[in-house]
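The sequence shown runs 1 to 253 under UniProt numbering.
The set of hints was computed from the structure by calculation and includes no laboratory data.
Watch out, some of these pointers could steer you wrong.
List of simulated lysine to aspartate or glutamate pairs, EDC-like, C-alpha gap at most 20 Å [stated by the list, open to error]: (1) 30 <-> 58; (2) 114 <-> 152; (3) 232 <-> 246; (4) 214 <-> 58; (5) 145 <-> 188; (6) 30 <-> 71; (7) 214 <-> 45; (8) 53 <-> 42; (9) 232 <-> 242.
Quick caveat, the model's predicted, so the values are computed rather than measured.
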Amino acid sequence: MTKIEQLLHIMSRLRRECPWDARQTHQSLKRYLLEETYEVMDAIDSEAYDALKYELGDILLQVVFHSALAEEEGRFSFEDVVQAISEKMIKRHPHVFKRQEGHTAESVQKNWEKQKHKEESRKSLLQGIPGALPALLRAQRLQEKAAAIGFDWPSARDVKEKLREEWLEFTDAAQQNAGEEERRELGDLLFTLVNYGRKRGWTVEEILQEANGKFIKRFNYIEQKLNHDPEKLHEASLKELDRLWEQAKKELK
Numbered sequence: 001m002t003k004i005e006q007l008l009h010i011m012s013r014l015r016r017e018c019p020w021d022a023r024q025t026h027q028s029l030k031r032y033l034l035e036e037t038y039e040v041m042d043a044i045d046s047e048a049y050d051a052l053k054y055e056l057g058d059i060l061l062q063v064v065f066h067s068a069l070a071e072e073e074g075r076f077s078f079e080d081v082v083q084a085i086s087e088k089m090i091k092r093h094p095h096v097f098k099r100q101e102g103h104t105a106e107s108v109q110k111n112w113e114k115q116k117h118k119e120e121s122r123k124s125l126l127q128g129i130p131g132a133l134p135a136l137l138r139a140q141r142l143q144e145k146a147a148a149i150g151f152d153w154p155s156a157r158d159v160k161e162k163l164r165e166e167w168l169e170f171t172d173a174a175q176q177n178a179g180e181e182e183r184r185e186l187g188d189l190l191f192t193l194v195n196y197g198r199k200r201g202w203t204v205e206e207i208l209q210e211a212n213g214k215f216i217k218r219f220n221y222i223e224q225k226l227n228h229d230p231e232k233l234h235e236a237s238l239k240e241l242d243r244l245w246e247q248a249k250k251e252l253k
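I would like the entire structure built from these sequences, with the hints used as guidance.
Below you can see the structure in the form of structure tokens.
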């Protein structure tokens, strides 16, 4: 019995013999798939590779679980899932499996999107981007899809000019206290920031996560300096908190 066969056998027993596993549905498992995905991302960001091994196992379990449910419903099996992804990879990599020459990473991505659009028969190129994605990540995927057909800024420098324009429009709306207009301009500004990051080769969702992590470290530093005393934290003046924040910036590079 292979390791994969062993896992499939374990899942089969769990569905028959464990009350919790037996009552799960595709819908009830959604939250676990999302949680496990974020735990994988945390392990990657922390470079915790021992943890990554286990977190990837948890993701694999979710794939096996959903496949088991689908097989019980007479829809598809785990083997069908493996076959489908294998066929997709071969079809979308003709430069590898058909030995086509002269491809760059950029042309491969364009061909991938073209083939995907053809296979899925969608009315819009943007239709396949999940609405449940985090907003920054979804913005980047929308931009990548548009860029795949040539609808893109020539360079990051051009986006930087657009960024200046959007910033001026936002500050103008803010000065006029134009609530709804200010809100829309902020959205345009954020979308353009994502575009700039994409043109620089960055994933803006990851950049913001890094900034979140930096904020947490610095705030924890302030709490530590105040001996983790909630009363001291609430009673400290803004001037004192700012002083500790600047101190944290110097010490926590």
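Here's how the hints hold up against the structure:
At roughly 13 Å between alpha-carbon atoms, residue 30 and residue 58 fall within 20 Å of each other, so this suggested pair holds. A threshold of 20 Å between alpha carbons decides the hint, and for residue 114 with residue 152 the separation of about 16 Å falls inside it, so the pair holds. Distance hint between residue 232 and residue 246 is fulfilled; the C-alpha atoms sit about 18 Å from each other, no more than 20 Å. Annotation: proposed proximity of residue 214 to residue 58 is violated, straight-line Cα distance about 28 Å (limit 20 Å).
Our distance criterion of 20 Å between C-alpha atoms is met by residue 145 and residue 188, whose separation comes to about 18 Å. Of the supplied pair hints, the one linking residue 30 and residue 71 holds, its CA atoms being roughly 18 Å apart against a limit of 20 Å. Using a Cα cut-off of 20 Å, the hinted pair residue 214 and residue 45 holds, with the two alpha carbons roughly 13 Å apart. Between the alpha carbons of residue 53 and residue 42 the distance comes to roughly 12 Å, so the proposed pair stays at or under 20 Å and holds.
For the hint pairing residue 232 with residue 242, the CA-to-CA distance comes to about 14 Å; that is within 20 Å, so the pair holds.
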